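One-letter residues, chain by chain:
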Amino acid sequence: MRCHSTGHAQAPVQRRRGRGRRASVLFALLVFVGCKPGAPDAMGPGGSASFSVAWKAPTTSADGTALEDLASYRLYYSTDSALDRSTATEVDLGDSTHCTVRGIAPGTYFVAVSAVDQRGNESDLSNTIRIDVVGP
Amino acid sequence: MRRAGARPQPLRRRRTRRFVTRGFGAVAALWIGLPPVPASRAAHEIQREAPSAPRNLSASAVSASEIDLAWSPPDHPKGLGHYNVYRDNVLVATVPVGTTIFKDTRLQPATKYHYYVTGVDLIGSEGPASNKVDATTLTDVPGPPKNLAAQAASSSEIDLTWDAPTSGAGAAHYEVYRDGSDIGATTSTSYADEGLSPSTTHSYVVTAVSSAGKESSPSNQASATTLTDVPGAPQHLKAQAASSSEIDLTWNPPSSGAAADHYIVYRNGGPVAQSASTSYADRGLPAATSFEYVVTAVSADGKEGPESNKATATTEPGPPGPPQNLTAQAASSSRIDLAWDPPIGGSTGIDHYDVYRDGSKIDSTGSTLYADMALEPATKYTYAVSAVGLLGLESPRSAEASATTAKGPDTSPPTAPTALQAKATGMSTVQLTWSAASDPESGIASYVIYRDGNRVGQVDGLSFTDGGLKPSSQYSYRVSAINGAKLEGPRSDPATVTTGADKLPPSPPTDLHVIPSGS
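Which chain is which? The protein sequence lines are A and P, in order. Residue 1 is where the first sequence starts when you use my numbering, and the numbers rise one by one after that. Residue 137 is where the second sequence starts when you use my numbering, and the numbers rise one by one after that.
Please keep in mind that the hints were generated in silico from the structure rather than gathered at the bench. Just so you know, not all the hints are guaranteed correct.
[As the list claims (entries may be wrong)] Not the full set, but computed from the structure, chain A residues with beta-carbon under 8 angstroms of chain P:
id : residue
1  : Lys56
2  : Pro58
3  : Asp63
4  : Leu70
5  : Leu83
6  : Thr87
7  : Gly107
8  : Val111
9  : Val113
10 : Glu122
[What the hints assert, rightly or not] Take a look, some chain P residues computed to stay more than 10 angstroms from chain A by CB distance:
id : residue
11 : Asn192
12 : Asn220
13 : Ser359
14 : Val408
15 : Thr414
16 : Ser426
17 : Gly482
18 : Gly544
19 : Gly597
20 : Thr634
21 : Pro641
22 : Asp647
Being a predicted model, the structure only gives us computed values, none of them experimental. Glycine included, every Cβ here is placed at the ideal spot set by N, Cα and C.
Full structure from sequences and hints, please.
Here it is, written out as structure tokens:
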């Protein structure tokens, strides 16, 4: 139901390494507050840059029947143009159709999303887009 | 007899009286009816005819303070006027003529006195002294009591008797001394000294005490020893074999010491019985075995006397006595260990022992230990043993002893689980539940799950979730139980289930695009 990134916990630790544990916990709380429905955010592994994407929800299953149990989305991004689910950074999202990924280094990223139904069946990836992220 | 010392006094006194009679002699003569004589002549004649000495003076002490004197008149008592009595040469009394006794009183006791008597004529001329006698006043102290005798009356009493003193003052009472200490007084001539310890010797003396409180010298000393409170040794113990297992004892009561309340019989140094009578039958003995006995007597207050003479007897030939103190102890689920002691009298003459289980002879052994093997688990067995003598004669069997073998290992598998139910929880998972199996020996340790005959899991509880299945597929499950001995029971009845239908994933999202930053 909220933006989630595997880099969530690592990013503040790296950035606040010299400031102590209490400051790290406080920062993590701020991130969670930021990741509430309607304002999906995701934290990258490090850096001060970000990007935001949006997509359209599917309405059918792969066999063309009406989709009635859409549960969530997954976002994949990588600096490799051949975006592969097994190597890309995976972010489990809620059912919102847009998300902002923060805390990444400036550079060129390739991004795609998939849909997951309530049984855990995941769709194929959407179209892949290229994003050139610059620093703030 | 100190005549030389006695003479001057009467002479001087005679001179004085002579002077006196010169003036009054005629008057005195007239007064007593004698013919008057010229004063000068009379004085001459009286002096010339002074009385001769009294005779046969005797003195006898009659008490501690009195000596009685008696004498005879002089040969020529003519003109005798009175007698002078001298004690220790001092004039102590004047006795008129005609009286020839004198009781000298208020004397000191036990004191020797010296007496003589003189005659004095009418005109005062004193004649010579009589014979002189000594006498000694009696003592005021009683003599010692005589013939003191002491005799033990019991273990705590010695009785004394004595005779009254035959000399000295009369005895008003007696003081009794034991070992030098005054222990009592009595007016009689006997005394019972009580509260003494047994077998102790005491010596006694007795004194007599006069009514004036004068105590005599001690009597002869007499000693006695209180009687013992321990019985003497029983007499004439005899032992005689009565059979192959019995020896009869008889004896006589002790001839000295305290009375025997009962007797203790010792066999080979150890006590085996008490007997109130003077006989005992020692039974249960091994055959052809020699035993030595002694008997002691015990008083009513528990004092045991010395041992009697020893008496030995040998039981007649025969089988041994039964083994003693058989014990049986389970050592495992299949073994019981037996142990016992030899018959009374020891293992002498024992060839071997026979072992009986539940009434049947199972083995023989030369030792007093036996291990019975290959028994059923959790089963009670009862044993007895007998001793077999060198002649092959078997003793009666010992007292029985029982033991129960330990529970054996669990060799029976548990029951099968029941009420197995299988329910598809998706297109790839199945949930199984069942009711418990049972195993009374070792309990249920776990359950094994089979899918279509293949083992797919093992759990401790009563449910299992099978995963990784194909959609819309039928599977058959069975469950079995494993007990604490790792034995697996039979499998349950099968439960069949069909997984849920397959379903395709959603179509992928479309129109992924970047939202321009800052928009």
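Going through the hints against the structure:
1. Here the hint on A/Lys56 is kept, as its CB sits about 4 angstroms from the closest CB of chain P, short of 8 angstroms.
2. A hinted interface residue such as A/Pro58 counts as satisfied when its beta carbon comes closer than 8 angstroms to some beta carbon of chain P; here the least separation is about 4 angstroms, so the hint holds.
3. With a least beta-carbon distance of about 5 angstroms to chain P, the hint placing A/Asp63 at the interface is held under the 8 angstroms criterion.
4. Against a cut-off of 8 angstroms between C-beta atoms, the interface hint on A/Leu70 holds, since the closest Cβ of chain P lies about 6 angstroms away.
5. Hint status for A/Leu83 relative to chain P: violated, with the closest Cβ pair at about 11 angstroms, above 8 angstroms.
6. Checking A/Thr87 against chain P: minimum C-beta separation of about 19 angstroms lies over 8 angstroms; hint violated.
7. At its closest, the beta carbon of A/Gly107 sits 15 angstroms from a beta carbon of chain P; the interface hint therefore is violated under the 8 angstroms criterion.
8. Proximity of A/Val111 to chain P holds as hinted, the smallest CB-CB distance being about 7 angstroms (cut-off 8 angstroms).
9. A hinted interface residue such as A/Val113 counts as satisfied when its beta carbon comes closer than 8 angstroms to some beta carbon of chain P; here the least separation is about 5 angstroms, so the hint holds.
10. Because the smallest distance between the Cβ of A/Glu122 and any Cβ of chain P comes to about 6 angstroms, under 8 angstroms, the interface hint for this residue holds.
11. Residue placement check: P/Asn192 keeps its beta carbon more than 10 angstroms from all beta carbons of chain A (closest about 156 angstroms).
12. Its beta-carbon lying about 153 angstroms from the closest one in chain A, P/Asn220 satisfies the requirement of being farther than 10 angstroms from that chain.
13. For P/Ser359, the condition that its CB be more than 10 angstroms from all CB atoms of chain A holds, with the nearest at approximately 110 angstroms.
14. The beta carbon of P/Val408 is kept farther than 10 angstroms from every beta carbon of chain A, the shortest such distance being approximately 90 angstroms.
15. Every beta carbon of chain A lies more than 10 angstroms from that of P/Thr414, the smallest distance being close to 104 angstroms; the non-interface claim holds.
16. The claim that P/Ser426 lies off the interface holds: its Cβ sits roughly 98 angstroms from the closest Cβ of chain A, which is beyond the 10 angstroms cut-off.
17. Every Cβ of chain A is farther than 10 angstroms from the Cβ of P/Gly482; the closest lies at roughly 87 angstroms, confirming the non-interface assignment.
18. Listed as a non-interface residue, P/Gly544 keeps its Cβ farther than 10 angstroms from every Cβ of chain A; the least gap is roughly 53 angstroms.
19. A cut-off of 10 angstroms between C-beta atoms confirms that P/Gly597 is not in contact with chain A; the least separation is 26 angstroms.
20. Once the 10 angstroms rule is applied to beta carbons, P/Thr634 is consistent with being away from chain A; the minimum gap is 17 angstroms.
21. Interface exclusion of P/Pro641 from chain A breaks down, the closest Cβ pair being 4 angstroms apart, not more than 10 angstroms.
22. Its closest Cβ contact with chain A, about 4 angstroms, brings P/Asp647 to no more than 10 angstroms, contrary to its assignment away from the interface.
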